[in-house]
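**Student:** Sequence:
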Amino acid sequence: MSIEASNKRVYEEILYGEDEIEEISEMYNDIIFISMLKSAQIADVDDFKVDFYNAEIARHESLSKDDINGKKQYDNLRMKIHSIWKTQYRLYKQPNDGNCLINQTYLRIEDLDSSTLGSSISDFNLLAKKGILHQLADDKELGWVDNFIAVLEKYMEGNDVGDN
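According to UniProt numbering, the residues represented by the sequence shown are 1 to 164, in order.
Note that these hints are calculated values from the structure, not bench results. Take these hints with a grain of salt, some might be off.
What the hints assert, rightly or not - Cut-off 16 angstroms, straight-line C-alpha distance, at most; resulting in silico cross-link-like pairs (EDC-like, lysine to aspartate or glutamate):
1. K38 to E153
2. K38 to D146
3. K80 to D46
4. K38 to D138
5. K38 to D75
6. K80 to D30
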């Protein structure tokens with residue numbers, strides 16, 4: 001893809017949530033991926049909520065446009081993002097602090113946005129691709145610290161958070 005085409009694609013992407021940050025913040029306060037972040041000492045979570053929101057919109061739009069191909073493409077993108085996280089997890093996991101891991105994973109997704117993570121599904125903007133990480137965390141398929149499931153369970157017990 002040429003630089004001009006790449007710049008045009010980025011310019012034309014629709015990003016959701018910047019104007020609705022307060023509503024989005026309230027909507028996602030009590031779900032698993034937020035507890036996963038907080039259990040990893042990641043305190044500033046509002047941007048991650050916007051990313052999750054973009055991923056949810058993009059997933060629903062891609063599935064409603066073309067149920068079979070949309071699902072295949074979404075699943076393929078999700079698998080690639082999970083693979084990126086696995087590599088970063090091996091490199092950067094810490095027992096208590098997930099800030100480095102999430103930052104490095106986000107940087108890698110930004111680096112690969114228009115190449116490896118390029119998608120014919122135009123609904124998947126950069127924020128949606130980052131948000132897929134949080135969809136995976138919400139499904140407990142990834143986390144931000146070593147032994148993330150055990151850390152999450154301990155966090156939820158200590159904060160009296162029900163299993164969402």
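**Student:** Given the hinted pair K38 and D138, is their Cα-Cα distance within 16 angstroms?
**Tutor:** 13 angstroms, holds
**Student:** Is the hinted pair K38 and E153 satisfied, with a Cα-Cα distance of at most 16 angstroms?
**Tutor:** 12 angstroms, holds
**Student:** Given the proposed pairing of K80 with D46, does the C-alpha separation stay at or below 16 angstroms?
**Tutor:** 24 angstroms, violated
**Student:** Regarding the pair K80 and D30, is the alpha-carbon distance no greater than 16 angstroms?
**Tutor:** 27 angstroms, violated
**Student:** With the threshold set at 16 angstroms, check whether the alpha-carbon distance from K38 to D146 stays at or below it.
**Tutor:** OK: K38 and D146 at ~14 angstroms, within 16 angstroms.
**Student:** Are the Cα atoms of K38 and D75 separated by 16 angstroms or less?
**Tutor:** This hinted pair is violated, its Cα atoms lying about 27 angstroms apart.
When each numbered hint is compared with the structure, violations occur for hints 3, 5, 6.
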